[in-house]
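K.L.:
Given the sequences, and given the hints that come with them, work out the whole structure.
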Amino acid sequence: MDYFLDPDFASLFHFRFSYLKVIFVNFLLFFFSIYQSVRAKKDLLSSQKEFDAGFSNIK
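In our numbering, the protein residues as written are 1162 to 1220.
Some clues are possibly wrong.
[Stated by the list, open to error] Pairwise CB distance ranges, derived in the manner of DEER restraints:
(1) V1183 with S1217: 48 to 56 angstroms
(2) F1212 with K1182: 42 to 50 angstroms
(3) K1203 with Y1180: 31 to 39 angstroms
(4) D1213 with L1190: 30 to 38 angstroms
(5) N1187 with G1215: 36 to 44 angstroms
(6) F1188 with S1208: 53 to 61 angstroms
Derived from the structure by calculation, the hints contain no laboratory data.
No residue lacks a Cβ here, since even glycine has one placed at the ideal position from N, Cα and C.
P.N.:
As structure tokens, this is what we get:
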């Protein structure tokens, strides 16, 4: 029995592979969006500290 020549098996395998690929891409996008928001928050906090330090020098 050659499973690779069976069209039902091949379509099932292709469907499973594409389904897993979509889930994997969604997880990557999810983690990348979390990473971007954390990085933006850190940039905002560091720029706020620089802003406060600049004002303390003026006073």
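K.L.:
If I claimed the Cβ atoms of F1212 and K1182 lie 42 to 50 angstroms apart, would that claim hold in this structure?
P.N.:
holds, 44 angstroms
K.L.:
Does the Cβ pair D1213, L1190 satisfy 30 to 38 angstroms?
P.N.:
holds, 35 angstroms
K.L.:
May I ask you to test the hint 48 to 56 angstroms on the CB atoms belonging to V1183 and S1217?
P.N.:
Hint holds: Cβ distance 51 angstroms, inside 48 to 56 angstroms.
K.L.:
Just to be sure I understand the hint, the distance between the Cβ atoms of F1188 and S1208 should be within 53 to 61 angstroms; is that true here?
P.N.:
violated, 31 angstroms
K.L.:
Could you say whether the range 31 to 39 angstroms given as a hint is met by the Cβ separation of K1203 and Y1180?
P.N.:
holds, 35 angstroms
K.L.:
Is the distance from the Cβ of N1187 to the Cβ of G1215 consistent with 36 to 44 angstroms?
P.N.:
Because 42 angstroms falls inside the window, the suggested range holds.
When held up to the earlier numbered hints, the structure conflicts with hint 6 and nothing else.
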